[in-house]
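Chains as they are written, first to last, in the working numbering: chain A, 1 to 238; chain B, 239 to 517.
Keep in mind the hints are simulated off the structure, nothing from the lab. Treat the hints loosely; a few may be bogus.
[Stated by the list, open to error] Only some residues are given here: those of chain A computed to face chain B with a beta carbon under 7 angstroms:
{"hint": "1", "residue": "Leu31"}
{"hint": "2", "residue": "Thr66"}
{"hint": "3", "residue": "Phe102"}
{"hint": "4", "residue": "Lys103"}
{"hint": "5", "residue": "Trp111"}
{"hint": "6", "residue": "Ile115"}
{"hint": "7", "residue": "Met172"}
{"hint": "8", "residue": "Arg219"}
{"hint": "9", "residue": "Ala220"}
{"hint": "10", "residue": "Leu222"}
{"hint": "11", "residue": "Lys223"}
[Claimed, not checked] With a straight-line Cα cutoff of 25 angstroms, these simulated DSS-like cross-link-like pairs (lysine-lysine) come out:
{"hint": "12", "chain 1": "A", "residue 1": "Lys221", "chain 2": "B", "residue 2": "Lys287"}
{"hint": "13", "chain 1": "A", "residue 1": "Lys182", "chain 2": "B", "residue 2": "Lys246"}
{"hint": "14", "chain 1": "A", "residue 1": "Lys133", "chain 2": "A", "residue 2": "Lys69"}
{"hint": "15", "chain 1": "B", "residue 1": "Lys240", "chain 2": "A", "residue 2": "Lys221"}
{"hint": "16", "chain 1": "B", "residue 1": "Lys315", "chain 2": "A", "residue 2": "Lys97"}
Built from N, CA and C at the ideal position, the CB exists for glycine as well.
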Amino acid sequence: MCGTIEERSDMATETAHLMAMMMAGDLNTPLAERQQQAESREHFALLVARARAGDATAFERIMLETERKVVSTAWRMLGNREDARDATQEVYLRVYKYLDRFKPEQDFQGWLYRITINVCRDAARKRRDADAKCNGEFASTQGGYEHNPAESVSPEADAEENALRAQQRSLMMRALATLPEKERAALVLRELEGLTTEEVARVLGSRPVTVRSQISSARAKLKIYCERLLRTGGGRPA
Amino acid sequence: MKCTRVEKFLPLHVAGDLTGRRARRAVTKHLTTCAACRHAVDEYDASRKLLRAAALPPDFGGAFYEEIRNNVLAQIKRDRTLAPPPFARFSSLFNVRLAYAASLGLIIFAAALSFYSYTRRTDEEATRQKMIVNANGQSSATPVATVTPPAVAQQERKDWQTSQASIGRAGGTTGEGGGRGAKSPLRKRPARIESLRSGAQPNLMLAGHTPSNAGRNPRAPNSAGTSQATNPRELATGSNGGTATTELTEISRIEIQTSDPNIRIIWLAPGTDSAQPLK
Numbered sequence: 001m002c003g004t005i006e007e008r009s010d011m012a013t014e015t016a017h018l019m020a021m022m023m024a025g026d027l028n029t030p031l032a033e034r035q036q037q038a039e040s041r042e043h044f045a046l047l048v049a050r051a052r053a054g055d056a057t058a059f060e061r062i063m064l065e066t067e068r069k070v071v072s073t074a075w076r077m078l079g080n081r082e083d084a085r086d087a088t089q090e091v092y093l094r095v096y097k098y099l100d101r102f103k104p105e106q107d108f109q110g111w112l113y114r115i116t117i118n119v120c121r122d123a124a125r126k127r128r129d130a131d132a133k134c135n136g137e138f139a140s141t142q143g144g145y146e147h148n149p150a151e152s153v154s155p156e157a158d159a160e161e162n163a164l165r166a167q168q169r170s171l172m173m174r175a176l177a178t179l180p181e182k183e184r185a186a187l188v189l190r191e192l193e194g195l196t197t198e199e200v201a202r203v204l205g206s207r208p209v210t211v212r213s214q215i216s217s218a219r220a221k222l223k224i225y226c227e228r229l230l231r232t233g234g235g236r237p238a
Numbered sequence: 239m240k241c242t243r244v245e246k247f248l249p250l251h252v253a254g255d256l257t258g259r260r261a262r263r264a265v266t267k268h269l270t271t272c273a274a275c276r277h278a279v280d281e282y283d284a285s286r287k288l289l290r291a292a293a294l295p296p297d298f299g300g301a302f303y304e305e306i307r308n309n310v311l312a313q314i315k316r317d318r319t320l321a322p323p324p325f326a327r328f329s330s331l332f333n334v335r336l337a338y339a340a341s342l343g344l345i346i347f348a349a350a351l352s353f354y355s356y357t358r359r360t361d362e363e364a365t366r367q368k369m370i371v372n373a374n375g376q377s378s379a380t381p382v383a384t385v386t387p388p389a390v391a392q393q394e395r396k397d398w399q400t401s402q403a404s405i406g407r408a409g410g411t412t413g414e415g416g417g418r419g420a421k422s423p424l425r426k427r428p429a430r431i432e433s434l435r436s437g438a439q440p441n442l443m444l445a446g447h448t449p450s451n452a453g454r455n456p457r458a459p460n461s462a463g464t465s466q467a468t469n470p471r472e473l474a475t476g477s478n479g480g481t482a483t484t485e486l487t488e489i490s491r492i493e494i495q496t497s498d499p500n501i502r503i504i505w506l507a508p509g510t511d512s513a514q515p516l517k
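Pulled out of the complex, with its shape left as it was, chain B reads as follows:
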């Protein structure tokens, strides 16, 4: 091993801090043959000896140490930390990691709960808005949707075909419905009054309607083209003032045929128990 390489190992070698058996053997072997490196080792030893002598602490005296102790104890008393805080006794019971995990779990749970309640509130709000819009659109009733049972729909289709045939034979159009009323849904309806009684009513559950009120507006079909309702407004009493509720009820469908055969009024009214006929 060359001197340049040995010089780097000497600071550790002089105090026995050189790890590695091969390095120690190589340095020891080199020192047996190299006087310059041996001289360097002597210099290292001398500097270490000087350092130990210089860094020998003085005797500060008992008063010095007593002053330190008194100052420390006084400071502790001043800070009122002579007795550890009460919770410190139990600190050994708490695992810091467990506490962090528990608080993180709580935060995630709270976030999930708030998100769930927010989405649910949003859905309910949307439903309520839709009901209000529908109520405004139909102006007197608060239906949400109309569903015609299949048997009734089939009957209506037959009536419509019959009426279409009769209109075609008449060769003209009367009223605003007319032959050109192909776009008007009213024109396609037969001139009759139809109501859905409990037997014929659609078995549907919609917001704002109660099953008990399904037969609220019993009106016999009348081919005369006039409503049997003494007061058309009574037919609207199934509505609960146009306000939608969140209860699921049956819907009453009332069809009133006006004097104009091409004009028919269809009401879809909720049947609520508390609804009173308008006077």
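If we strip away everything but chain A, and leave its shape as in the complex, we get:
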């Protein structure tokens, strides 16, 4: 072997790191991205340690750096602004409450995703029960999903085009709402949040095989929904 002892030691460390990544299924991730993930992990571990010690500014910093992601996930799971706001608040209250349970070697983002998904599940269940009492039917078919008016609309765009897009969007969100909770969570995390199937499995506490099965089923259902949408003249595909 060539190189000094330090170089060989670094190579051994790097090899061990790559082996660990391969075991975790992250071998396809570029090196820069892996390094960024490691830095992010260290950064949040430090913030959590300070927050645990009673530093309120550290906890506020955690909220500032993660709130957009939490809100977007909650909005995608629940479909409306008010529920997303309430769910986000509950997420951070739980994060503060269970700070002691977080281990430094854990991935904070994954831990946060797990809490978010669990809170959204609880909120959806409460809403479903409440709506069932009021209307006698499941709210998931209604969706509780609001129309998303906040798309950036270019002034030159055709009004009809915009209306069509808004309608398609509303229908797609409703389609998402019809999915079972587990399939919806798996699809949102994989398709919209960009996590790998292994990461999704870690967040949801299940196996990658199960996650792939759920994603496959969810995509097939969405495709059928889209076909009906196009057939009924809901709009032209984008």
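Go by the hints and put chain B onto chain A.
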């Protein structure tokens, strides 16, 4: 690979989630020749694109996020959990499993200790009951058992044989003992008074008796058939009132031969220091 089989792999294949090199190769090869499956792939792509567009979160604005932060911090202050509880600082020192193991060990130890004390108490209670029964049965003394030393027992046997022989020669029975008193242990005893002095006393340790009181009731054997004790009740003073104690002491054996040669009184009295002769 047939279309029916490929259709099942397409939802994963379109996003690169299909694991297994063989399956990926087979699907890719099939797609090069099958237009229907290629059309299905396009539909999957379109639905995914629609979904991503539809699920693009709106811009909620800075005030929205600030409201969330303020509400969370206010709730935390309200719950007075801004600073973690004091013990939380030390929570990292505690291993939950170790704590569970330690508490389980404590519970087992406490159970074993209580069981041991219970069985010991039960044994002592049983011993005490036995002594009380024996004391009641013998009415004036509190012996637990009588043991005759081998030399004395041998002497008694000889005396008995002698007395039996003399009774047989007399040809009759007197008193309630008589020849028919074979069942009565008293009939078999020689007509004499016998006491166990310190030299002849059995070296036994029994509940309720102290070694120092072994010679408490010195009575010389008297073949006259009467007790030398001025007061028979004095002989019972070795007893401590009929109550059993848990101390181990020697036992005094007093035998008093009554006027009836066939009747003999045997006392087994504990010899205690504090015992006083009855007056």
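key: Structure versus earlier hints, numbers of those that do not hold, lowest first   = 1, 2, 3, 4, 5, 6, 14
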